[in-house]
Structure formats: C-alpha cells, structure tokens
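A.B. asks: Okay, here's what each chain looks like letter by letter:
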Amino acid sequence: MIRRHHFHRPNRGLQVYAVFFMALLYAPIMFIPLFSFSDGLYIRFPIEGWTLRWYDELLQRTAVLRALENSVRVAGSVAVVSTVLGVFAAKALVRYRVPGKGPILGFILLPLVVPPIIFGVALLLMVSWLQIPLSLYTIAAGHIIICLPFAIATLLPRFEGYDAAMEEAAADLGENGWWVFWRVTVPIILPGIVASLLLTFTVSFDEFVMAFFLGGTDLTLPLYVWGQLRIPRAFPVVLALGTLILLFSFVLVFLGLKIGRRGAIKLVDRD
Amino acid sequence: MNSAATMISIRNVTKRFGVFAAVQDACFDIRAGEFFSLLGASGSGKTTLLRILAGFEAATEGEVHIDGAPMDAVPPHQRPVNMVFQNYAIFPHLNVRDNIGFGLRKLKLDKAERARRIDEMLELIKLPGFGDRASDQLSGGQRQRVALARALILRPKVLLLDEPLGALDKQLREQMQTELRALQRSVGITFVLVTHDQEEAMALSDRIAVMADGRVLQIDTPAGLYERPKTRRVASFVGSMNFLPGDLAVRACGQAAWQHGKADFIAIRPERITLHTDHPADQAGAGQPLPGRLTDRVYLGERVQYQVQLDGCAQHLAVSTPNTAPVVADPGTPVWLTWPAEAMIPLQDD
Amino acid sequence: MDAIKQLAARKRHALNRRAFVRSLMAVGLVPVMSSALPGKARASTRHATVFTWGGFDVPELYQDYVDAHGELPDFAIFGAPEDGLTRLRSGFVTDLIHPCMGDIPRWRQTGLFQPIDTSRLSNWPDVIPGLWEEPHNLEDADGGVWLVPFDWGQTSITYRTDLYDLEGEESWDILWDERYAGRIGMLATGDDVWWCAAIKAGVPFEEIHTDEAFEAISAVLREQRPLVRTYTDDTSSLNQALASGELVAAMTWNSSAVELTFEEVPVRFAQPKEGALTWVCGFMMHRDAPAPDRAYDVLNALISVSAGEFLMGDYGYGHVNIRAFDAFDDETLEALTLSRNPSDILDAGHRSIPQPPEWSARMNTTWERIMAGF
Amino acid sequence: MRMAVTTPNETALAAGRGQSAPRWLLARHEGLRGLILLAPALVILGITVIVPFAMMGAMSFWTQVGFDYADDWSLRNYIEIASEPIYSTLLLRSLGMAMAATLLTVVLVYPMAYFLAFHVHRNKLLWLIIITLPFWTSYLLRVFAWRVVLGFEGVINTGLMEIGLIAEPLKFLLYSRTAVVITLAHAWAAFALLPIYVSLEKIDRSVLEASADLGEGPVMRFFRVILPLSMPGVIAGTFLMFIPTVGDYVTAALVGGPDARMIGNLIQLQFGTINNWPMGAALAITMILAITVVGLMFLGLMLALKRWAR
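Residue numbers (the numbering used here), protein chains in the order written: chain Y, 374 to 644; chain V, 50 to 399; chain U, -6 to 367; chain D, 11 to 320.
The set of hints was computed from the structure by calculation and includes no laboratory data. Worth double-checking, as some hints may not be accurate.
[Stated by the list, open to error] Computed from the model, here is a short list of chain D residues facing chain U with C-beta under 8 angstroms: (1) E163; (2) Y185; (3) N285; (4) N286.
These numbers were taken from a predicted model, which means no experiment stands behind them. In this text, a Cβ means the ideal position worked out from N, Cα and C, and glycines have one as well.
Could you build all of it, start to finish, from the sequences and the hints given here?
C.D. replies: Below, the structure written as structure tokens:
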C-alpha cells in the first residue's frame, strides 16, 4: 500500500462533483427501464400504470430477435477480426524495425478522427460501384475500419508494456515462432486481447451510421431500433429491448470484471 | 585444429545496422567448458555479438560455428545454446516451476520425469520448495536463479549470460558471482558472459575479450589483461592506470631500465607506485625518484588513493597504497614517487 | 452466455487457451462462416423481402403468408419511399417496395421494376378498381399493373381538441395559426408537405411544376417555419408531442389520430375545408426480385380481408379489399375518416400528380432549404 | 551434482536442418517480417479507406442528371456550396455546435478525470467501468432518453413546474440546438474522459511534490503543472469527440428542431431523399476540409498557448 501523498487528501468538493457527474451520466439512461414498465404508449409523467406486456411482446417478435442475432454476429466477427489484425499490427509496430512506422500508425488511427458518415458514404459509393450487394458483410467491413484503431490503440500499450526479451527467451528455449506466440505472447497480452474484444464488440454492436448506409435487408439492432422509433406502437417494446440490453451489458461487464479481477479488462488502468 | 576443444568459432563476423557497424570483424574461438566474458562499455558491440551467437541477430558478414556446426541458417530455437537475459525475462504468467520447465515441452517427457528434472534444477539453484511461487513474488536474486535454471535445464552446449548480475545490488552481486562460478564448474558447460563490469569479468572468467566500438581489442586471461594490456584503451578499461609519456618515464627510470624500445606511453598501475614523504635513497634497478606534490587524498577503507602532481609538469599520477602504510599528511605536502622497472608497460598509440 | 462461461473456464485453468480460442471462434468466425453457408442453403426457400415504412412489418398484415410459409417475409425499413428508391438504385435488391401511386412514372424511369401479373393474386377481384385503374399504372404493364394498391388515406392535420381553439371551419390555416407559434408539428417528407402547401397556397396541382408555383409554395412554407416546433418523418415523435401537449396541431397521416384516440388523447383528424391531400400507396416489384413467387404470396396476403381489417381497425388507413369493410359499421368508418367507397374521400381531397425526377429533385432541395431556414 | 556434458544436447536436435530461402530472408529482415504482420490490416484499411475516398473525391466533380450522373468533371457542386448560404451556414453551425458540445464535455469531464486520477485509490477499474457503462447501451436509445428528460412533459419541466419555478414548460429545452449540444455532450463523455484520465494518471507524482517543494500552492500547481502536463489528453479527447460530432446527424434528427439541422443531415439527405450523390460527395469533402482547418487552427492555438505560458 502506497502512503498517501498530501495531495491526495480527500477533497470534499471533488467528491460532491463526482456524485453529481455520475447522476448526470446515469439519470437519462435510467428512464429507459422506467418507461419500459409503463402502461401507456407515450412517455409522460406521472406514470399511470405498470405492466410487463412490452417484454412479453418483445419476446414474440422474431424480427427483434433476428436483428439481435445479426448484431451479435456482426459485432462478434468484427471483434474477432479486428482484434486478430490488431494483434498482428500492434506486434509489428512495437517489435519490428518497420520502415515508416509513424505514418503507418497515423493511417491506422485515421478512422478515429473521420466522421462515420463520411466513411459510410464513401464505402457506399465503392460498394455500389463494385456492385457488391449490401448485406451484413458490408456492415461488418465498415465496422472493421472503425474498430481496428480501437483494437490497435488498446493492444499497443500491452505490447509496449512487456519486455521483448520474453519472446526471445521462449525462442531461445526451443520454441518456434508459432509456439512462442501461443505460449508467451498471447498469455501476456491476454488482458489487452480481452479488452480489445469487448471494446470492438461494443463499438460495432452499437454502431448506427455506417450500418445505416451499408446495411441490406438484414437489419442490425440499431437499424431495427431506428425503424421502430418511428412507430408509436412499437416504441415501448424498443424501450423494453433497451432495458434488456442495458441489463445484459451490466451483467456482462461485472462478470468480466469479477472473472478478470487481475486486469482482464484493464483498459486504461495502470495500477 | 582440435574441434573438441573449440566450442564456438567466430569467423570474421560483422554486424551493421544501416551504416553503423555494431560489430566489426570479430574473429576468435571459445573453448569447450570455458567461462568466457565479453567486456566492454555500452555500445561496444558485446551484446550484439552475444545476440548473434543466440541467433537473435543475423551477422551481416562472417559466420559462427557452434560445436562444429555452422549456425548461419539456424534460428534461435534450434541452436544448442540457451541464454540468461539481462532482466531475466521471467514469464510473468507462469510460476517458477513452469518457467523452469518451459523448454521441456518439445522433449515430450512424462510428468514424473518432467517434475524430476525441474526439482533437480530447483535444487541446483538452491530454491527447493519455490516451485509454486508466482513469478512476481520473487526477489531479484531469485529471479536470476530461475532464469539460470530455465536455461540450464535444457543442458545446452553453451550458456549465454547477458549482464546477468547487473540488476542486483553490490552485496548480492558478489555472492552470485561466487555461485555462478561454482555452478559453471559443476555443470561444465561453456559460459559466455556479457558485462560492462571489469571486476565481474575478472572474478568470473577464464578468458576475457575486451571490446570497444565494435572491435575486439584483446583476448586474454584476467591476469594477462591486467598485467599485459596491449593498448591504452584496454589498459584504461581494465582496472585504473597511470599513463606517462615515454620520455618522462625514461627520465624517471633511467636509461638502463629502458629495454622496451620506443613506446609512446608507459602505463603504470597505481598500486605499483611507492609514495615517499622523504627523498628516498636511490635503489638498484629503479630510476630517480620523481618529486611531486600531493593534491588530493581519497580514503577508501582498505586502500588510500592519492593524486600527485609531478613537479615541473602538468602530469598527475594516481597512487594507491594499502591502508597499512602510515597516512601521509594533507594535500600540498611534497612527495617522491618510485616504482620498479617491471611495473612499466610500454604502449603504442591506439 | 457461452462466451462468459468460456471466459470463466479460461480463468480457472489459466493455461487452457485452446478452449478459449475455440470459444472465440464460436463467437466470431463461426457465425460468419455459418451465415455464409446457410445463405446458400436457404436460397431455394428464400423469403420475399418487403421494403416499407416501419410499422408495416407486423404479422397481422401477412397472416396468409405466415400460414403458407410458416414465417414472416423479410423486411427492410425506409424513412421515406424516396430514401428507399435511392437505396435500390445503389444496388440494394428487395422483392417489393412501398411507394405511392403518383411515384409510378418517375420510378419506372429507373428501369428497376417489373409489372405485376394480377392474375396470380387470388384476392385481386376484391380490390376496389377505382384504386388502381389509372393510366400510368397500366401502361406497358403487359395487362398487369405496376403497383398493387394496398393502403390509402389522407395527409391532413391532427389537432388537440382541448388545446386548440378552433375558430370557424377546419382548415389548413390551423397549421399557420400564429397564436400557436412553436406548437405546430410538420412532417419532413417533401412529397406530403409540398402538395399540402400547394393546397394552402391555392396552387392548382396541374401547375405545380411552374416557377410561379415553386415561389408561391415556398412562400407559404417559409411563412410557416417560425411557427414550427419540429419537422420530422418520425410519427412517433409527432404523436408523443401531441400527446404531451407540446404540439397542439401537426401535419399527420390517418394513423396518428387513430392511435392517439386509442390512448384517449382528445384529438381530431381535421377535414380541412380546402380539402386534404389524399393518396393511394401500394407495392411495386423489383425487376430482379430474388423470390418473385413468394412476393406474389406477400401481395396476396396484403390485399386479403384479414390484413384489411387490421390496417383499418388498428392503423386507421383505408384498405383496398372491399370485403374488409364489412367488419366495420358506417359510424366507425366515418370516425376513421374512411369510406366503403374510397372515391368519396379520395376525390373530396386533392391527389398528387406524377412529376419527373428533375421536379422531384428541385422540390426536395427547395424544401430542405426551407426547413433549414433558407 | 554434475551434469553430464556428454548428454546429447536436446535443443540442438534440429540444428543444421536446411532452411528454405524465404525463411532465411525473413529471419534476416525484421522490417519485412513486420510489414508482413502489418499487411492484413493495411490492405483492409487501404481498400476500405483509400479507394472509397478516391471515389468520393472523383464523384464530387460529377453532376446529377435525373437518375444518372454525368461525369463532366465540373466544379459545379463546389461552386454551389460556396455560393448558396445554406451550406456555409449549416457547416459553420455544425462546427459551432460540435465545438460547444466538446467544450462543455471537456469542462465537465476534466474534474471527474482529475478525481479519478488523484483521489480514487482503490477500485479505479470499477469506477472507469461504471463511467463507461452507459455507453454500452444503444446510442439511439440514449439520445431518445434525453427527450424524456428535456421534453415538454419531461423530467426537467415537470420538476420545475412542481416546485413552482416556472409556470409553463420551457420550450427551448427540446427541439433546439441546446438539446443537441446537451445530448452530444452526454453521449460522448466517455470518449473525452478516457484520454484525459490517462494523461492525468501518467503524471509522475514526484513532479507534483517538486512543484509543491518549489513553493507553489494547490491552485498554481494545477495551472502550472497538472494542466499543461495533461494537455495531450485534453487535445486527444477534444479531437476524438469534436470530429465525429461535426458529422453527426442522428442527434440533430431526434432532438434538434428546425434551427438545429447540421451538415450531416444535409449530407444524409443527398444520399437519400434529395438523391444527389455527387453533391453529397462534395459536401462530405468540404466537411473534411473544414474539420481539418479547424483542427489545425486548434492545434496552432494550443501551441501558441504553450509558448505564451512559458
């Protein structure tokens, strides 16, 4: 335990602010579950009656479930592909004397600072020029572009954070490149891999703009929600769906946290 | 050529990174069972040479043979050498036992044999019972031993050690030096050590190669290096040394003692110089005492180190005397220096 | 949940990475692979895809199709038909798409559609002829039609009877009422707004392509803009705002008023004295429809009695199947602003006239500028 | 214990086995190995970034004619963008709103990041996760949630009326630029927070001690040490949030009123209802250029500030 610096004495003002900040962050989101139990079609106070029927209705909608399945597929594939590519790229950038490292890194991180609408539009142009039919694949391709920078940004510090001698030691002890990768590299960067998978999954799962331009008849969940937002009757069901997603991500994150106590999801934490 | 006696043969090895030559034309042999050191300051090319032996760097020119086999196309994982890394490179995700047994996978041993070998190594490095420790619960010295055990368990022909004691504090370092030397004798494997610490190299090695700017300057036994350095750089790198211009040394020693022909410099170890507070009587075989003035005195415990400025010139000489000698008075005192003729080492300009 | 189990298992045996890798593949690569494989396997039994507004993707409208094929057709959703057309033109292929009667000539210019053979629709004889017998729906259609009508109704004003103080007759002036500045809602779809504004501005629909018409219509819309709280295609937002009283009146289609009434919000779907904008919409079939047989089944389901009863009873839109009206008494129909004889309603209002793409582009660009305040 | 030197060396079993030429090449050329590892990512990004952007650039010089394009390589679209006030107004408005939202977010988020970096000692990870959790829910729903808060019968209006502060609902809350700025600020908070937090966390605590030792009080310590040292994080957070929000159109569509339309809405319409792809491409290019200019100006300002602060 590190002794507390005198700079770190509790600061009452900041503590109050932190509470205020968290309240501000969470308050709006909490209305989603709240109104998902409301009897009325429209959101208004006071809530007159409580019901579970939207959840019941949700479960009967195959379209929602299909959209959910599509989103999980796209996000799952995107997470795996961008993380795998990210591992390779991050390893190359950190471990090898690659010519033009700076520009390459800049190029890879470029999509972080280009509005998604631009990518959506540009990719749509290319895809329609090549006459590639719009589908979940085109969405996934678009998502990989925006997820790769996240994956690499998450993985780079992991690679930088350990001594290259680890890999050399394994090679020295008789393992070829493939086994060095599995026996040493992967276990050491595993927290980074898990973080990258979670992050890229989330980014893709929630991405709307690119999916909007690049989606075909198979809808992802945000596209489905976008369609349903316009239909008054469908709206409470969307709220119920949102509540379930919220609940699911809470459970997932906390389970992940519990499982990976020792840093599985160390995204930015350096302690 | 007796191949049994030669374990590593380094033939005209040069390594360039771009235009920078890290190793230039290294050419020497290391004998089987020898404790060999590569000594040099940082940037001297010693680590690069070691990494060429391990296979992590490919030589730009020249070739390396280990135990008679050419290593040029052999990747690190197929070389009969193992390495102890500078910071030990202990795998953080494995415990001590799995770290030591890491290289055993390919041997496809059964569980019992594997456990036996690991236990044997734990015994050897005096860490029995530490097998289940997590790697981050080890002290520096323990990590060093685990790294050794991990490399030795594969019974390599050559063990490479990259500054293995650099991360340890002085006391532990001295203790580990003793242990390392004993270990090398007991396993009988060729050790190649890289170090910048000349004392460490002297204490451990059978032979030492002194390197600077990518070149091997001299290869000799510790005593040979200390007493018969071939160049000024070697002389100054191994132990401390006074350098005198040739003519001054001649004046000090007299023509009679001068048998070494023309030398640019004369090198004299500080401990070979005798310090007199009174003008000494002329001794046979020695030249005239050189008068000077004491400018500084550093008390080192077992020895006392003096700086003396010779009268009539800017030359300073370091003189080291055992602490048993009477302590000389304060700086400013006039003194006389003498040394035996055989203490003088003639050197050419590098 | 398997992913979590796998994660937990991996933690228990810290080195069992192979299982972890397998689970990764299960989560990621395998779905991609598998989605590729059944894609081919499914091709023979592929469902028809329907490209329509949100809300028309409910099972009640496709009962016959579900009965025959066990599942709903696939859907794609657009915000406005024009968006849908753009997507079709960018290479997106669906079997059916849901535009309106006035769009037919312009849409046909894209060459993306094929005529529909009405003899393959068993419910076709029950479809009210007045809804589809239009020259531009029949020409070059090889005896069939380009568009199978499905829904009809009005674009008019839904207003809060308790909040909006109506003076005199119902009129388009409600949406230009300065007393309620900031409490007026508008659709953002140019295809509705422009024609309604033409009614308000008194521009005859035959002259809508003239520069004068553009100026007159632009002028009334610009005049209205300061009063408007929001322009949106999203009827959910309009309904929500009408329900909360944030808006007192909004340009809507039939369904808003009906749905708000169901929720006991006091509203009326106005019958403006100048006449409402009336429309007939339906489905066109893509030239390269991947599942044309199924598409015919979808069309037949859409024009069936059961679909009609749902469309009128729950959404308040008129349907095309004459027998569907039998489920409602006259009073209900009147309350829904519908009629057994659609021409009573349709002809009382104004119906848009097909225009060329250049007009459409000019209209949409102008309308977008007006919405943005220029 | 003595190990038999005569034992055959097990690691040498494979030594001397022939190596093929490509392998040898790979072993000798690190850069090549690195490039091969990078290749998949670079190829994918190359195809999906460079080609579409080139096409977009080309198309922006075309003209829409009815349902077709004429590749007449004219500057017509750009001339229209330059001459019609709607484009510049919406572009400037988008930049302005994105700036306002970014500024609001950075100001709100900085103290929280500071709190996390310097005053939270245990369970930092848990805090970070709790802060980022809201961003795991659908963006659309989050935007929608703000309608509940800001709406006519929303939380704020109902609350304020309940306590008698206002007599009738505040209209400027929803369907306004305010609503868009607030919603964007909320939606992007995590993006701005993380880099700022990381840069604060990186600050060596001994530097703070040194500045205290040199006689600076807490306030000056903040302005002379902490703030400058965390500036890279602030800049990163600013860019990460500012740039995507300039092009946002969903938020403006859902909570913005007539006066909150952004350039993104206009671009989206070109590819939708208005159906003028070349114009949409030209607008997209114009937007990127505008963002680049603003970004460079911001960096220049930061550099100037840095010099001035010295």
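A.B. asks: All hints, please: hold or fail.
C.D. replies: Evaluation of the provided hints:
Because the beta carbon of D:E163 sits about 4 angstroms from the nearest beta carbon in chain U, less than 8 angstroms, this interface hint is met. Hint on D:Y185 holds. Least Cβ distance to chain U is approximately 5 angstroms, under the 8 angstroms limit. Because the closest C-beta pair between D:N285 and chain U is about 5 angstroms apart, less than 8 angstroms, the hint holds. For the restraint placing D:N286 at the interface with chain U, the shortest Cβ-Cβ distance is roughly 6 angstroms, inside the 8 angstroms limit, so the hint holds.
In the structure shown, no violation is registered for any of the earlier numbered hints.
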